[in-house]
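Order-wise, the sequence lines are chains A and B. The numbering used here applies: residue 1 is where the first sequence begins, and numbers increase by one. The numbering used here applies: residue 1001 is where the second sequence begins, and numbers increase by one.
Treat the hints loosely; a few may be bogus.
In silico DSS-like pairs for lysine-lysine, Cα to Cα no more than 27 angstroms straight-line [as the list claims (entries may be wrong)]:
hint: 1; chain 1: B; residue 1: Lys1120; chain 2: B; residue 2: Lys1139
hint: 2; chain 1: A; residue 1: Lys2; chain 2: B; residue 2: Lys1057
hint: 3; chain 1: B; residue 1: Lys1120; chain 2: B; residue 2: Lys1142
hint: 4; chain 1: B; residue 1: Lys1142; chain 2: A; residue 2: Lys2
The hints are simulated quantities; they were obtained by calculation from the structure and are not laboratory data.
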Amino acid sequence: MKKRKERIDRGIKVRSRDIFALCSWREMLYLAAPRLLPVVVCLALPLFLGVYWQKVLLSVAVFALLAISWDILAQTGMVSLGQALFFGIGAYFAGALNHYFGLSPFITIPAATILGGLVSTLLLLPVLRLRGIYFSMVTLIIPLMLVRVIEATKVFGGTEGLSGMTPLPSRWLELYLILGGLLLVLFGFRRMMNSDYGLVLKGINDNDRSVINAGINIYWFKIQALFIGGAIGAFAGAFMTHVYMFVGMPVFALDYSILPIAAAVVGGPGTLAGATFGAFLLVPLSEALRGFGGLRIVLYGVFLVVFIVALPEGMFHYIQRKYHQFERWVEVEND
Amino acid sequence: MLVVNNLMVFFENALALNGLSLEVREGEIVGVIGSNSAGKTTLMNAVSGLIIDMRIKEIRRGGQRISIYGNIAYKGEDITGIPPELRVKNGIVLSRERHPVFPESSVLENFRIAGYLRTKKEVREVVDYVFSLFPPLVKLKKRKAGFLSGGEQQMLAIGMALVVRPKLLLLDEPLLGLSPMMQKAVVDAIVALNKESGITVLLSEQFARPVLPVVDRAYVVENGMLTLSGTGADLMNNPEIKSAYFGV
């Protein structure tokens, strides 16, 4: 008899879909665990780590934020190759506000988030009508261009950068500020992407002409998505300025553009959670490989290639599927 | 020439084709008639081998699992697992649904891309033949394919399949979105190319009225299963067909 592998939902998934979920702890846990896990990890992990790995955790959170920002833009049909633009603009805003006006980090970080989002939206406004590779190219070029502008005009300290920023009051505040921000952004925007507003954004990626046909001004929605993505990146940048107590040309480095994309691709694009997961995987890996010296980048690259070839859907989608569904062999019947 | 035996195709748990068997003999025009979601396109993809490519792509991105059972024989050989490019070399050529053409290339360039397997001389001969089948295309030679109307694109798509010099031509909904006049032109051309160059044709269509009079035999497919089969004339007079597909 011929057999075929069938993929079906787990019983617990079906049960926990309706009101019966409230009847049993097991079903409630099934629903809550995937949501509680990141919260618990983010809140508890800093307590068990040494100072060095706490710093790694900081940069994990920063790259996760950039990956989420990339993912939101990608879901709206704007594939950006320049997360460094958002990161750098936020960093310079916070740096300048602190350096020239002496504002405290609790004012500069929110201000840089909003202003950075606005400025990066304004910078990308002229290319909003471009699609696909043209938009990507422009986002790739602008941060590289801004570096040269700063170098040539010597604004904001030129090549030296600005140093001596006010640090955040304590190490713990730093950690919980960025991790709390990450959780807020992750869950908040996941919720947003599932609302009607988010559906419109996804629709622009799927078929923008149909969205126009529904009487929606897609450019206005793209501007909003760009502001959201830009503000998330700017927040990460502003935060890092106060952690490093320095802002300079490295904030526009290619790392801040490439690593978030790698994280989103490895984790699984289109869910935000996947992007976060990817950052939690890739950044520590890159740290752990430091022992290999020059071979680090090679190993890292090999890992990425193997990963993308073997699991192109992304880790998160794979885990999600295994969590919700199982497979079994069934007989194929004729007629 | 083509024997499909007990073909079953699953898209994950959904059954698209359920034990479908049919036969196409050399020199015939055979129609597969069915409404939307009957499984016509799946059948065409299975015969042309595109489904193998689709299956691999779906596995790669962790999407639906496509399972294929049963077998397809072409000229007495089992081709069920053979990749699409080898099937094209053996003479099975599909003209896909919704007339996909290369919109950025001109009509002549489209023919040249399609005829990459053949020599320049062969392509030129067939293109001349295609122009004689579809006179409206002659004026549009240099025009970008994206600027052609739906009917013209359909003509171009059939022409692109012909340039490969098929022995068995698969046409997936060749009349989709065409006006009755265009439909007649395309049907006439299909008959002409069958008579003149002896190409065997398997075509799937939901418009039974223009198709049934010209086919030698036809199969009626519903929900992936064969419900009726017979010669075109038989089916034309079948009361069930009349009510379901002619609306009388």
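Hint check against the structure, violated hint numbers in rising order: 4
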